[in-house]
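Protein chains: 2
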Amino acid sequence: MFRSYTCGELNASHINQEVTLAGWVQKSRDKGFMIWIDLRDRYGITQLILDENRTDKTIFEKAKSLGREFVIQVKGTVIERESKNPNMATGEIEILVSELTILNEAQLPPFTIEDETDGGEDIRMKYRYLDIRRNPVKNSLLFRHKVAMEVRNYLSNQGFCEVETPYLIKSTPEGARDFIVPSRMNEGQFYALPQSPQTFKQLLMVGGMDKYFQIVKCFRDEDLRADRQPEFTQIDCEMAFVEQEDILNQFEGLTRHLLKEVKGIEVDKFPRITYEYAMKTYGNDKPDIRFGMEFGELNEVTKHKDFPVFNAAEFVVGIAAPGCASYTRKEIDALIDWVKRPQIGATGMIYCKYELDGSLKSSVDKFFDQEDLKKWAEITGAKPGDMIFVLCGNTDKTRTQMSALRMELATRLGLRNPNEFAPLWVLDFPLLEWDEESGRYHAMHHPFTSPKPEDLHLIGTEPGKIRANAYDMVLNGNEIGGGSIRIHDKDLQARMFELLGFSKEEAENQFGFLMNAFQYGAPPHGGLAFGLDRLVAILGGQETIRDFIAFPKNNSGRDVMIDAPSTIDDKQLEELNISVVVNN
Amino acid sequence: MFRSYTCGELNASHINQEVTLAGWVQKSRDKGFMIWIDLRDRYGITQLILDENRTDKTIFEKAKSLGREFVIQVKGTVIERESKNPNMATGEIEILVSELTILNEAQLPPFTIEDETDGGEDIRMKYRYLDIRRNPVKNSLLFRHKVAMEVRNYLSNQGFCEVETPYLIKSTPEGARDFIVPSRMNEGQFYALPQSPQTFKQLLMVGGMDKYFQIVKCFRDEDLRADRQPEFTQIDCEMAFVEQEDILNQFEGLTRHLLKEVKGIEVDKFPRITYEYAMKTYGNDKPDIRFGMEFGELNEVTKHKDFPVFNAAEFVVGIAAPGCASYTRKEIDALIDWVKRPQIGATGMIYCKYELDGSLKSSVDKFFDQEDLKKWAEITGAKPGDMIFVLCGNTDKTRTQMSALRMELATRLGLRNPNEFAPLWVLDFPLLEWDEESGRYHAMHHPFTSPKPEDLHLIGTEPGKIRANAYDMVLNGNEIGGGSIRIHDKDLQARMFELLGFSKEEAENQFGFLMNAFQYGAPPHGGLAFGLDRLVAILGGQETIRDFIAFPKNNSGRDVMIDAPSTIDDKQLEELNISVVVNN
Chain A
1 MFRSYTCGEL NASHINQEVT LAGWVQKSRD KGFMIWIDLR DRYGITQLIL
51 DENRTDKTIF EKAKSLGREF VIQVKGTVIE RESKNPNMAT GEIEILVSEL
101 TILNEAQLPP FTIEDETDGG EDIRMKYRYL DIRRNPVKNS LLFRHKVAME
151 VRNYLSNQGF CEVETPYLIK STPEGARDFI VPSRMNEGQF YALPQSPQTF
201 KQLLMVGGMD KYFQIVKCFR DEDLRADRQP EFTQIDCEMA FVEQEDILNQ
251 FEGLTRHLLK EVKGIEVDKF PRITYEYAMK TYGNDKPDIR FGMEFGELNE
301 VTKHKDFPVF NAAEFVVGIA APGCASYTRK EIDALIDWVK RPQIGATGMI
351 YCKYELDGSL KSSVDKFFDQ EDLKKWAEIT GAKPGDMIFV LCGNTDKTRT
401 QMSALRMELA TRLGLRNPNE FAPLWVLDFP LLEWDEESGR YHAMHHPFTS
451 PKPEDLHLIG TEPGKIRANA YDMVLNGNEI GGGSIRIHDK DLQARMFELL
501 GFSKEEAENQ FGFLMNAFQY GAPPHGGLAF GLDRLVAILG GQETIRDFIA
551 FPKNNSGRDV MIDAPSTIDD KQLEELNISV VVNN
Chain B
1 MFRSYTCGEL NASHINQEVT LAGWVQKSRD KGFMIWIDLR DRYGITQLIL
51 DENRTDKTIF EKAKSLGREF VIQVKGTVIE RESKNPNMAT GEIEILVSEL
101 TILNEAQLPP FTIEDETDGG EDIRMKYRYL DIRRNPVKNS LLFRHKVAME
151 VRNYLSNQGF CEVETPYLIK STPEGARDFI VPSRMNEGQF YALPQSPQTF
201 KQLLMVGGMD KYFQIVKCFR DEDLRADRQP EFTQIDCEMA FVEQEDILNQ
251 FEGLTRHLLK EVKGIEVDKF PRITYEYAMK TYGNDKPDIR FGMEFGELNE
301 VTKHKDFPVF NAAEFVVGIA APGCASYTRK EIDALIDWVK RPQIGATGMI
351 YCKYELDGSL KSSVDKFFDQ EDLKKWAEIT GAKPGDMIFV LCGNTDKTRT
401 QMSALRMELA TRLGLRNPNE FAPLWVLDFP LLEWDEESGR YHAMHHPFTS
451 PKPEDLHLIG TEPGKIRANA YDMVLNGNEI GGGSIRIHDK DLQARMFELL
501 GFSKEEAENQ FGFLMNAFQY GAPPHGGLAF GLDRLVAILG GQETIRDFIA
551 FPKNNSGRDV MIDAPSTIDD KQLEELNISV VVNN
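Which chain is which? The protein sequence lines are A and B, in order.
Heads up, the first sequence is in the UniProt record's numbering, so the first residue is 1 and it goes up one at a time.
Heads up, the second sequence is in the UniProt record's numbering, so the first residue is 1 and it goes up one at a time.
Derived from the structure by calculation, the hints contain no laboratory data.
Note that the structure is predicted; figures quoted are calculated from it, not measured.
Worth double-checking, as some hints may not be accurate.
No copy labels: a pair is met if it fits in one copy or bridges any two.
Unchecked claim - Taking lysine-lysine and the PhoX-like style, the derived pairs with C-alpha atoms no more than 25 Å apart in a straight line are:
1. K340 <-> K75
2. K138 <-> K217
3. K217 <-> K146
4. K340 <-> K280
5. K260 <-> K286
6. K64 <-> K490
7. K374 <-> K361
8. K62 <-> K490
9. K305 <-> K366
10. K504 <-> K571
11. K504 <-> K126
Working from the sequences, and respecting the hints, build out all of it.
Encoded structure:
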């Protein structure tokens, strides 16, 4: 035993006890005749004191030699502190050191091990093991564990069985790009790492497992955008003999439980909106509803007023930014520049101040009178003091631009409070989306998603209009989970593959085992998967997932700490019957 | 909602209730005027009844058309059964069906979905989703979940934090063969799948995580022996500021907790034996101690008695098989044939009956008198009625042979009761083992294992004699967990790599990040990993792990259900800059 207590648990009740502690030197203050050391471990910090008059000389000298991050073990007596620190769990006491052992020395770390560090992203990633000593990262990992435990216990108590599905599976060209694994024993053949356990969880339903979940790593070999990882973690769930309503209730229950247990927050029944409504109202299928600024469609009231830009536009939309009537010309111009950036791509923006005296003042007063502008205010829900911003153009693009503006304004206005949680369901996603490049329909969710029975008649005529029994759970502007009722009928599944442009052979080759399984009594079933990394980050009130992953990869998919990926031995390649193709 | 109850919960208290059930047709008995159907789901079986006089004619006819494994939904009234079945949870009642919906039809399954099936291993693997419907497999998966939940809750309550370590890591030539994953974004480079999270858990200790665990998939690309899987699951654990004693106590606590919670069995404090004692006494470092038959070394008492075989042998060892004095000549010969099989490799076996009258009768009476044989009995602990079996030859080989014989006899004698659990610790493993082929030492555990400080002086002279602070937990003849105190000193770690024949460059290239980490204040630490698949199988009283894995692979590493691995698109290979080498 290297310690009798951790560095986070001693308080006034332990005064006069002899204790042994071990940990890292956070910092030390040497006043010549007196040395204070902050000793740190996972659980907290305890102040040590060495006093020229009361401490053995050898030990006192040894204490002087300690550097930051040295690992030490001390014995001593718990004494009352002269100047107590009420902000610290152990702030009432300190340890008068009688023995001191250096367990390991430490070089000066490349960045400070403090809550606010001087280390940049790159250096912290390279020395991730030091970064993890910092409270923000350490606490994020502990928080992740707490969330995962709550999820497991909740689902387990509800009768769900966690089943481990395989990691070495079969590659399918559908969807995102697979990571593949050459098989040594099966020459010229490859496994793939799962993008999700989708087919396995459906097979578990065919197998009568009834309620399945798994917290599981998934893999996608995609070019990494910021905050995407090639390996990520899902809470993967599936239930048999359920309808959409059952699934929504089940997982709304889970999320409500999490918010209560890990955040102490009780939320009402989740609002439910359709995909169509979400796109119309927020320009987005994962709306942040912690604030308003809902879209007002202005086509009707802006057309035929001699303003050529609006007249030429397919779509005109406005939002009312609360309290922004006070924006200066400079602030407005900055915002116009913001929407004109290539990432957003608007060609310009019209604005209209709703003055506190009730008058309206727009950048297009030449074309629109007070009467017209009043209608804008009405439709966008603007109140005196607000500013209406208007964008126009192609419907889809303009919605996307306005959605980005809405989020940006909310951020600038401080309306995206990380301690406020506004979950909702978005329902009735389209079954298919048209892909211009390949000239065919793709499954919006995946090829196993069930169409709504009442839309099935559109399959031969307007497949793009078929809605799916698919749903997303959205939290604070992020899709945190998504799922669907699955097809459980082999004929319908075959028709779906056909619709998605699979030949019979391709369907058979890739998903034959699933279609085959459906011939032996598949129950109605459906499910959902949460992205755990994102969920934990949002619950933790953070924008980025990186601190909630112990050893994340950078945007090139590299682990800079261990320097992976790397070249491998020729012998290894030879055994696997593969070779590297060198491109000149 | 497809059901108001599951098929496992209705009893006499529900009589007269209108209920809805859904599930699979287990079987039906059609008596012409009356049809009984066993409806099955994960939770049990409920008997349905349709009666020509009481059931609507259309429904009655529909019920006649149902085949095995059809998925149906029924509504009906809970009624008291005429002939109750006390062996069934729902045996007091049946459902008088008033509505019947076929949710999905089913082809006749390729094997019977019964506890004792007529399906062979291969067909059951191909249709694993049907195999999972069978109680033995389904219950094994539910049991595995229960064990995993107990492990997580126990460790979490003890302050352990589950941290997910990466799956895409770096390949190291040391140890078993890695599965590798080509990186598309880093041309000519490869990730490896982890054989264990060993280095990451050590880095987490350097990072101050203090108590870590993870239930995690690991991967080894080895030729598969029976009951080995290329992907397997570990309960991986690590602690900082601990000595060996702390770890033994911690994980003995976990195992005791598991035995109590999932088996209802209380076990005493685990016996602890050294590796040396285990080899001497059981010829094996994972002894089954549910029974005796400990080795008696007979060198002293068998030499110089004119029996040339013993005189020529390096090692003579005997065991006393309880109650086997009654073995017939035929039985003895069969056993001699058994030890002479190539898998065991003995050249012969001597035996000695300890008759109930106290006399001894051996196969080498020509050379040994009663006095001599009495000594054999004394040393092997034989009692009247027992049979002493003696093997001789090279020490290591003979121990291995005798160990196999001991296990075989125990099996034949019914001494390996799957409901009895005899855990123990084996301590003080050698640090190194000599590898004839490569002419150098290998780490017996892994290169991070700490030597015993008191043996360190042997490093320059007799490294093979250095004992490690390494330990295995053994249960019923299986190693279920193993671990060690790790080296946390960078100089000692460097010396270890040197001892293992690593050049400085190789050590730096492969483990530089770990040695680097040790420069920044590594705490003393150690840990252990359990093999979950095996642990669950043993707790479940089974010999084979396969039923405790939802989708296992066969001995060629193939998943015959999904037909993986498989060939992949040339486009995929091209993107990854690799090609398949065709061997003619």
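Taking the hints in turn, this is what the structure says about them:
{"no.": "1", "hint": "K340 <-> K75", "result": "neither (65 Å within a copy, 62 Å between copies)"}
{"no.": "2", "hint": "K138 <-> K217", "result": "both (21 Å within a copy, 23 Å between copies)"}
{"no.": "3", "hint": "K217 <-> K146", "result": "both (18 Å within a copy, 21 Å between copies)"}
{"no.": "4", "hint": "K340 <-> K280", "result": "within (22 Å within a copy, 81 Å between copies)"}
{"no.": "5", "hint": "K260 <-> K286", "result": "within (22 Å within a copy, 47 Å between copies)"}
{"no.": "6", "hint": "K64 <-> K490", "result": "between (76 Å within a copy, 23 Å between copies)"}
{"no.": "7", "hint": "K374 <-> K361", "result": "within (10 Å within a copy, 115 Å between copies)"}
{"no.": "8", "hint": "K62 <-> K490", "result": "between (76 Å within a copy, 21 Å between copies)"}
{"no.": "9", "hint": "K305 <-> K366", "result": "within (10 Å within a copy, 124 Å between copies)"}
{"no.": "10", "hint": "K504 <-> K571", "result": "between (40 Å within a copy, 21 Å between copies)"}
{"no.": "11", "hint": "K504 <-> K126", "result": "between (49 Å within a copy, 21 Å between copies)"}
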